[in-house]
Amino acid sequence: MNAVVLEKLKSRFANAVLDTNEFRGELTVVVPKERIVDVCRFLKEDPQLQFDLLADVCGIDMYTPTKRFGVIYNLYSLKNKNRIRLKVFTEEEDPKVPTMTGVYGTANWHERETFDMFGIIFEGHPDLRRVYMPEDFEHYPLRKDFPLMGIPGSLSLPKK
Amino acid sequence: METRTDELPRKSKILQALEDQNTSVSFDDPLENEMILNMGPQHPATHGVLRLLIRLDGETVVGCVPEVGYLHRGYEKLAENCSYHEFIPHTDRLDYLSPLSNNTAYALAVEKLLGIEAPPRATYIRMMITELARISSHLMFLGSLAMDVGALTVWMWSFREREKEYDLFESIAGARFTTSYTRIGGIAQDVSPETIASVKKFVDELPGHIRECEKLLNTNRIFLERTDGIGVITPQQAIDLGLTGPGLRACGIEHDLRKANPYLAYSAMDFDVPVYEGGDALARYYVRMDEMRESVKIVHQILQKMPTGEVHAFKPKKVLPRKERIYTRMEELIHDFMLVNFGVEPPVGEIYSAVEAPKGELGFYIYSHGEGYPWRLKIRSPSFANLQSLPVMMNKCMISDVVAIIASLDPVMGEADK
Amino acid sequence: MGLEHVFGDSFVTTKIDAAINWCRKNSLWPMPMGISCCAIEMMAFAGPRFDVARFGSEVFRFSPRQSDLMIVAGTTTYKMSKVVRKIYDQMPDPKWVIAMGACTSSGGMYRTYSVVQGIDQFLPVDVYVAGCPPRPDNLINALMKLQEKIQRGESKGSFPAYVGDAKLNQPQPLPIITG
Ligand code: SF4
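Protein chains in written order, with this note's numbering: chain U, 2 to 161; chain A, -18 to 399; chain Z, 50 to 228.
Everything labelled a hint here was simulated from the structure, so no lab data went into it. Every residue gets a Cβ at the ideal spot worked out from N, C-alpha and C, and that includes glycine. Careful: at least some of the hints might be erroneous.
[What the hints assert, rightly or not] With a Cα cut of at most 20 angstroms, we get these calculated EDC-like pairs of lysine to aspartate or glutamate:
hint : chain 1 : residue 1 : chain 2 : residue 2
1    : Z       : K135      : Z       : E107
2    : Z       : K131      : U       : E93
3    : U       : K45       : A       : E313
4    : Z       : K131      : U       : E136
[As the list claims (entries may be wrong)] If you want the ones that stay clear, here's a sample from chain U, every Cβ over 12 angstroms from chain Z, calculated:
hint : residue
5    : E23
6    : P33
7    : D53
8    : R69
9    : K80
10   : E93
11   : P99
12   : D128
13   : M134
14   : E136
15   : H140
16   : P148
17   : S155
18   : S157
19   : K160
20   : K161
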């Protein structure tokens, strides 16, 4: 099944497949961030592939000088019962990725979570605010340079 | 329930978001205009610390914004700072109504990354405990749904059954619900024949007790009126919002990872996936009641087919050796030292492994750099995704139905907030 | 009590205090501050097997105005701490707090950026219960320890000390329940 998906992707988006990788039977495709919405819409609407469920969106901090942050989309097809993982990378200075909420409604909260944890900004998101941490918190906890115990004084306690 | 219109932080972003939801209204006089009701985070019906901001027109809900994060414990950061074995106890506290199924899900994910498999007996025991965990989670759902619509007896009865199950978990794993029972490549210890006998007794008796509860509810007019046609969601909306588990099956979509992508030994089991049409609270209740019966059926088959043998894979560099071997052999002592100090060292790569937890699809995405610690571990928790469909379900319902809808969705904030 | 101002520290008022404390300790109305996993054990503690009704505390009140004992059960995050404190402030005096579980007592297994390392940083705690989660029996034990404290007329949070006998009102060692 993975070969079919890859074949279709490559024939439709000739120069948008930057890298592919198969590990333990799971297909990962790296695409440029400008094309991610098109790729997802194609995968969702193609009558043969039908990746209609966006299972998960998550961020990753590679901690490299270029392409530091990544966003990973995990799609599932209820018809074919298979998965595909799409990846985009973005730079540290300007971490921006187009939003997926136009294609999958569920991306809304997942993208808010990614923004909360990594500070990746999803352009065009209808309601991009923190989901877990208090709204006045200033840091992004899952970045690798954030210490596990947090930054003292960044969160307040009520008076005793 | 308290109305706190005066205390809403002056035009905060939350309020802004509410205002933007296709209704234009000013918040000057709550008596003349629509009202904002703040429900939670401390409220008996929110199952923990969920907070809802509800916009009301009289008694009708016209807008709802769920707020989560009051129980954000930083699991994903913790996971990056502890080895694969050390993270097992943390998985107990994700969905704390069914810890054993989280344990299994995590063990399966790490095993997939390492490329090893647990021996058959361990697989069957894992399957047995996940089904028992499913029953225990659904019993809790039954009790809390009934209690939220006003039937306390059912809560007492379902807790009676849960206590019996806690006794089983105690004899299987040694703790009532923070079990930490699975290990990478196996399980902590084998189950004794006496435990098997008491599991058998429990699953023999359970259908009778479920029927007792059903007798109280299924023909009860109050219960039916409070759940029938309440909190409707269409299949298209459900898929779009990423709803999984019993909520999705109550919309008429037959999607169950146990059938779709069989893991453990589910392909050898004979069971049905209960599916109901309607997508309302009543359908979600029926689905869960039927699922409990299916789980009983599965446990019976497991007990019949349970193979004998080892419960721990023999993979010296990956799986913690058994204690008696550590004390008697040099090799094993060295392996144990290496595993405890540096962790299992999986190959470089990334995997996603999902199981059908009682609440829906519970998945772990692990990105490994080849070290003893995961570089990134993402938990795809069903409750988080399911909670997103709350505003759709609540649209145009009455204020008193809000509690029934939350209970029928059965969120657990431990995993929603991570 | 307030009667001391009328009668002075005499026989009658101290005996009335003892009687009132006896009443208080046997009719504690808990406010279940169930935040996470420990809340499930707290429900079991109220449930059919452990049946806290035997100790007069079965009336769980979800409104802080009607309760005098707050059982904080679960991991308290910084975001939640303000809510917990607000609810505590809404409870009428005299009031007591049980910190149930490792998380509430010390942060437990969550040494992370978002978890308060012990609720005693912002709340006066009367009894700490160890365990992750504590068994319901252990919570009942904590309740009994608290009843002893109430009989002695102690409360960490209520101010001023609400009972008369100054001798008995000296600070007592904190009961810490283990195992
Ligand atoms: S002490 Fe343990 S069981 Fe209790 S809330 Fe903390 S993690 Fe959960």
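To see whether the hints hold, each was checked on the structure:
no.: 1; hint: Z:K135 with Z:E107; result: violated, 24 angstroms
no.: 2; hint: Z:K131 with U:E93; result: violated, 34 angstroms
no.: 3; hint: U:K45 with A:E313; result: violated, 50 angstroms
no.: 4; hint: Z:K131 with U:E136; result: holds, 14 angstroms
no.: 5; hint: E23; result: holds, 35 angstroms
no.: 6; hint: P33; result: holds, 33 angstroms
no.: 7; hint: D53; result: holds, 34 angstroms
no.: 8; hint: R69; result: holds, 20 angstroms
no.: 9; hint: K80; result: holds, 38 angstroms
no.: 10; hint: E93; result: holds, 21 angstroms
no.: 11; hint: P99; result: holds, 29 angstroms
no.: 12; hint: D128; result: holds, 19 angstroms
no.: 13; hint: M134; result: violated, 7 angstroms
no.: 14; hint: E136; result: violated, 10 angstroms
no.: 15; hint: H140; result: violated, 8 angstroms
no.: 16; hint: P148; result: violated, 8 angstroms
no.: 17; hint: S155; result: violated, 8 angstroms
no.: 18; hint: S157; result: violated, 7 angstroms
no.: 19; hint: K160; result: violated, 7 angstroms
no.: 20; hint: K161; result: violated, 5 angstroms
Hints 1, 2, 3, 13, 14, 15, 16, 17, 18, 19 and 20, counting from the list given before, are not met by this structure.
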